[in-house]
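**Student:** Mind docking chains B and C on chain A? Use the hints.
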Amino acid sequence: MKIIRVLALLLVCAALFACVGCAGKPAQKKPYGATINGVRIELDAKAPELLVQLGTHTSYDESPTCAYEGYDKVYGYGAFEIETYTLGGIEYVRAIHLLDDTQSTRKGISVGDTVEAVKEAYGEPSRQTSLGLTYAEGDTVLEFLVRDGKVTNINYRKVVD
Amino acid sequence: MTFTSASFLLFAALTVLLYFTVPRRGQWWVLLVASYVFYLFAGVEYLAFLLYATVVSYVVARLMQARADAEDAFVEANRDRLEKSERKAFRAKEKKKRFFILVGGLVAGFGMLAVLKYTGFAAGIVCAAWTGMGNEPFEIPDLLLPLGISFYTFQAMGYLIDVYRKNARAERNFFRFALFISYFPQLIQGPISRFEALSEQLFATHAWDATRVRSGLARVLWGFFKKLVVADTAMIAVKTLVTGSDTYTGAYVFLLILLYSAQIYGDFTGGIDVTIGLSEILGIRVAENFNRPFSSKSTKEYWRRWHITMGTWFTDYVFYPLSVCSPMQRFSKFSRAKLGNAIGKRLPVYVATVATWFLTGLWHGAGWNFIVWGLLNCLVILVSQELTPLYDRFHAKFPRLVASGAYGVFQMARTFLLMGLIRSLDCYRDVGKTFSLWFSMLTDWNLPQLLTGGWRTLGLTGAEWCMLGLAILLVFAVSLAGKKRPVREWLSTRPVTFTLCACGLILLILLFGAYGIGYDASQFIYNQF
Amino acid sequence: MKKKILCCIGIVLACALLLSFLQLLVVPKYASASREGNLIGEYYAETTPHDVLFVGDCEVYESFTPPTLWEEYGITSYIRGSAQQLTWHSYYLLEEMLREETPKAVVFNVLALKYGVPQSEAYNRMTLDGMRWSTSKIGALRASMREEESFLSYVFPLLRFHSRWKELSWEDFEYLFTRAKISHNGYMMQTGVHPKTSDRVGDALIDYTLPQGSMEYLERMRLLCEEKGIAFILIKAPTNNYKYYWYDEWDAQVREYAEGHQLAYYNFIPLCEEIGIDWSTDTYDGGAHLNVFGAEKLTSYFGAILAGHLGLEGHKEDAALSAIWQEKLDAYYRERNGTES
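Chains as they are written, first to last, in this note's numbering: chain A, 12 to 172; chain B, 748 to 1276; chain C, 685 to 1025.
This is chain A alone, in the form it adopts within the complex (with noise of 0.2 Å):
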């Protein structure tokens, strides 16, 4: 009987740590976001509305998602784009492309930058390659496209499709 329930002692402790070792804290969410001409633009938000601020886009292409109704979108503005994804029925924004020097990031960097300048502003990145450097936010990423060591697109994207 006493060793059934050290047996039991043992086995629940076991089940009890292991509830602790299963136990994941979510992460935190903050996603990215650019502001535009003025518009604060964080990816996941509702496009709609800031489409509206961003005024005319100037180039569109859409593209279909496997399976769910609904298109994924890209708003050309000349200087940046803003791709979209369809969720019932409600477009929210995917990614934000700056294309030229026009355009900067909330901590001032635009194409045409150096990585050092990048590093300066940001930090030492999630990840760097040849082509470029990601910051890792959330779900969300913040890239800088590299050529010979400049800085030639920005994109804010969501990690996941």
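Careful, some of the hints might be misleading.
Listed below are the simulated PhoX-like cross-link pairs for lysine-lysine, each with C-alpha atoms no more than 25 Å apart in a straight line [what the hints assert, rightly or not]:
| id | chain 1 | residue 1 | chain 2 | residue 2 |
| --- | --- | --- | --- | --- |
| 1 | B | K986 | A | K57 |
| 2 | B | K913 | B | K831 |
| 3 | C | K798 | A | K169 |
| 4 | A | K84 | C | K798 |
| 5 | C | K1000 | C | K798 |
| 6 | C | K850 | B | K986 |
| 7 | B | K1092 | B | K1047 |
| 8 | A | K84 | C | K1000 |
Since the hints were made in silico from the structure, they are not lab data.
**Tutor:** Using the frame of chain A, we list chains B and C on its own:
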């Protein structure tokens, strides 16, 4: 690990299993280990604060107890040698020494709470003043706020005061004391227990009792229903109303008052039901924290029925000591001499009441809204007290009206709405905005807009509104039916009906509960306090 | 007392039954929206084995038509693909299928290799909820679940879909115990035409290395096939859309992998002209996927590879099999020609 998570259910089931498997003298060890494991779920970094509160209060209580024992031994040994006045003087001297130890303990205990909970708030005020003087703002520290810190700190500090007052003997066994502070069902949202009452329960041995376990389970289930079906569904609309408070004015504010009342009632009483129900399964009786608060006919009565253990804590450890302390006595004498007996007699009581409510507000959260919330409660109580003669005259003039049920319902509705109105400070957070939203109820006549389609914009579908309404009605009906005898007690004598109700409740929770992906995970509101 | 206990047991059983019913009721039926959610489950209705098994994402279930493969080459095939089916989904589905049958070839579409981590709960559900319980399904779940998902909710989908009580429709009752058949051996037919109009290409990336997570499962698929003596073929279905862009750098990595393990790899993107795909008529969504006309062209082309280079033989002489496939073919043409009731 929230009470409503699958991991908590598994954890609780394993703890109960183990509790009734080990030799009975070891049952409290199971609870201690389980409590610390439970707290570990919140994060290892929080454990240090719980340990700190435990060690500090254990050591301070032991020091006070040692002095008290030495004092008693000395007085007993020298009973013949010392005059009564000498004994009294010796005891007073010793009490003073114990008082200093107590103060040290309180500073250490409340100090931790103050630093962790109020530094940001205080720094915010200083920063505002600093920038007001034309300086650059400085960074406001964002400190870790351990889960349930207000609850366990208050429990520990209450214990110290009890030991100081010799209302409780200091526990010699550190681990037993650690269990008293960390007992997991009540660790994060109360009730705030007294050592004498809880320790007796915790350290006694408990046999498996099917009737008791069944009754406890039913209470846990009922708690889940209130939390998941009522509170978390209401929360969806409350969140929408709060985040869109710029547009949701007038009648929407009234709706928020009703909905938030349902939310906080379901959330807090639901959580306490889980605590008490789980304890009941273990054979431990925990103090009740609610007694049908929304049936209160006055604010004073409401506070005797809502969060009872917090109310009694502040009454016993703040209000009474403050009312009888020597500076207050001197102030009383002074005010009587200067302002006359009528005002002079009341003034110290009022000062103590204001201080108590200020601290009650502060306990709920580090923010102006909580302070204003506390002071408004205080104001209502004091004004009601001042108007008592007027009420009495009215009651004497219309005895039949006062005796009628309708008048009782009116009083309940009045108290409910008044408390709901003040409670909305908790939602909107910004004091100025809350006041303007209250005002909008008088100026924005948008009830037709709310009724004709506005309700659809609040995040709940028509079906969900109906379900929420029915769930609230069910909670109300059960509360009403349990006025004389809890429904659970009645049910426990009818196993078949009991099983039927329990299964029905499980179905309702599983189907209509606001849980899982698609719903924002919501912690119990009082976990944050 | 005994009566009371029996009564309580009865109530608990009734409650369990009611719960099961509620679960059946609230789970999505994928009948009119997101129909791809039914693809995975349809495999279990198959009664005969297959020569070729396709695994992969939308690019397989929209690009190859098993009825055409049968009609033209007598080759039997099944597509086990679903929307955004990730590489580990494909691996575990293949593992499950290879327990029941041993095809001559397994064809894997490589686009999913770009995903190294689980992407979306909704897509996970569409692939995994249709799988029958087995060690493969458990493996797939463990590999796929995102942080917010719980294993328990896959065991009891009621825990996930309970909130659908408020949006139940007639469809939920209609398909309570059965599912709407939506595919032709895993091929989901699209007859619409929406020409490609945009010339946008995929965005530049900072790293073109295919993630290790997906490459590991590719290797596991290869080993699984090798162990059973099955030809493992890699393909990249033709697409012409910025979102489903196939970078040259990715192509080079897959080609290197294929060459390293003596696998056949067919990237059909540069072969579009040879296949005869016309992006103004053969796509139903602007170049992202092929419609039935494009899929038939690609299947014809790929059938020739299977029959010719890989030497797969047809089974048209098998009367029993022919009867089964004739039925499939009839159903296929009924839908294709818009004569399905």
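**Student:** Confirm or reject each hint.
**Tutor:** Here's how the hints hold up against the structure:
With a C-alpha separation of about 17 Å, the suggested pair K986(B) and K57(A) falls inside the 25 Å cut-off, and the hint holds. For the hint pairing K913(B) with K831(B), the CA-to-CA distance comes to about 20 Å; that is within 25 Å, so the pair holds. For a cut-off of 25 Å, the pair hint linking K798(C) to K169(A) stands: about 15 Å separates their Cα positions. At most 25 Å may separate the alpha-carbon atoms for a hinted pair to count; K84(A) and K798(C) meet this at roughly 21 Å.
With a CA separation close to 38 Å, the supplied pair K1000(C) and K798(C) exceeds the 25 Å bound. Between K850(C) and K986(B) the CA atoms are separated by roughly 20 Å; this keeps the pair inside 25 Å, and the hint holds. Distance check on the hinted pair: K1092(B) and K1047(B) sit about 20 Å apart at the alpha-carbon level, within 25 Å; holds. For the given pair, K84(A) sits about 46 Å from K1000(C) by alpha-carbon distance, which is inconsistent with the 25 Å threshold.
Violated hints, listed in ascending order, are 5, 8; each of the other numbered hints is respected by the structure.
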